[in-house]
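Trainee: Sequence:
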Amino acid sequence: MSLQVSKEAGVVYDPVFLKILEDIPGGVTIRTDRFKTTTQEIKKGALLHADTTSVGLYDLVKTAKVIHNVASDATIMYVDPRNEFVEGEYIGGFGTVHAPTILTITPGLVSNAVLLASKPLKGVATNAILFEGAVAATNTPLYAASAVLRDTVEVRRDGVTTLLNNLFAGAVVRGTVDESEMPYFVTAADKTALTARIRFA
Numbered sequence: 001m002s003l004q005v006s007k008e009a010g011v012v013y014d015p016v017f018l019k020i021l022e023d024i025p026g027g028v029t030i031r032t033d034r035f036k037t038t039t040q041e042i043k044k045g046a047l048l049h050a051d052t053t054s055v056g057l058y059d060l061v062k063t064a065k066v067i068h069n070v071a072s073d074a075t076i077m078y079v080d081p082r083n084e085f086v087e088g089e090y091i092g093g094f095g096t097v098h099a100p101t102i103l104t105i106t107p108g109l110v111s112n113a114v115l116l117a118s119k120p121l122k123g124v125a126t127n128a129i130l131f132e133g134a135v136a137a138t139n140t141p142l143y144a145a146s147a148v149l150r151d152t153v154e155v156r157r158d159g160v161t162t163l164l165n166n167l168f169a170g171a172v173v174r175g176t177v178d179e180s181e182m183p184y185f186v187t188a189a190d191k192t193a194l195t196a197r198i199r200f201a
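In case it helps, this note's numbering puts the sequence shown at residues 1 to 201.
Note that these hints are calculated values from the structure, not bench results. These figures come from a predicted structure and were not determined experimentally. Beta carbons are placed, not taken as given, at the ideal position from N, Cα and C, and that holds for glycine. Don't take every hint at face value.
The calculated DSSO-like cross-link candidates involving lysine-lysine, where the alpha carbons are at most 27 Å apart (straight line), are [to be verified]:
hint: 1; residue 1: K65; residue 2: K191
hint: 2; residue 1: K191; residue 2: K19
hint: 3; residue 1: K36; residue 2: K19
hint: 4; residue 1: K119; residue 2: K36
Computed spacing ranges between beta-carbons, pair by pair [claimed, not checked]:
hint: 5; residue 1: K36; residue 2: A137; range: 18 to 28 Å
hint: 6; residue 1: A136; residue 2: D158; range: 29 to 39 Å
hint: 7; residue 1: V110; residue 2: T75; range: 12 to 22 Å
Could you build the full structure based on these sequences and the hints that come with them?
Mentor: Okay, structure coming up:
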């Protein structure tokens with residue numbers, strides 16, 4: 001006796017995307033030289049920025065949430081481990097025209113300890129969302145969000161030994177997302193950049 005399927009019904013629940021109205025035809029290519037050496041995959045829901053130098057190339061928009069208050073004269077701070085910052089990048093969002101350089105990042109289960117090359121000049125409170133700065137003397141993000149990664153993509157294989165190049169992935173440009181399910185934190189500026197196309201629920 002064989003099994004016969006007489007009717008198919010049901011709804012597939014996607015924890016990130018509540019509704020997808022439009023994506024980029026043919027997908028996009030994600031730049032891979034900006035990830036941490038321990039990163040194995042970039043999860044769906046990550047924000048992407050369209051590179052201005054190459055059509056179809058997209059960069060990951062980097063953010064980090066502050067775990068403890070950061071004083072204006074601090075040279076070390078603690079952020080949520082869910083971030084892709086690496087040493088040598090600028091981190092901004094302190095409310096001044098200054099984005100300190102990251103000297104070192106010490107990973108932890110609860111938080112990452114970030115050693116700064118200079119003081120932020122203005123403190124921020126717990127849960128503040130910081131962003132990757134364009135240059136040291138600015139309060140402007142390096143990248144503004146223009147799309148949302150549709151599916152999780154593998155960055156490295158064989159543990160973390162093999163960095164994959166030319167990562168092709170789907171990118172959503174119109175729809176509704178559940179912000180609480182997104183893999184990284186979203187700044188108010190990124191929400192504004194996506195306001196006309198992406199609804200955050």
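Trainee: Confirm or reject each hint.
Mentor: Going down the list of hints, with the structure as the test:
no., hint, result
1, K65 / K191, "holds (16 Å)"
2, K191 / K19, "holds (17 Å)"
3, K36 / K19, "violated (30 Å)"
4, K119 / K36, "holds (24 Å)"
5, K36 / A137: 18 to 28 Å, "holds (26 Å)"
6, A136 / D158: 29 to 39 Å, "holds (36 Å)"
7, V110 / T75: 12 to 22 Å, "holds (20 Å)"
Of the hints listed earlier, the one the structure fails to meet is number 3.
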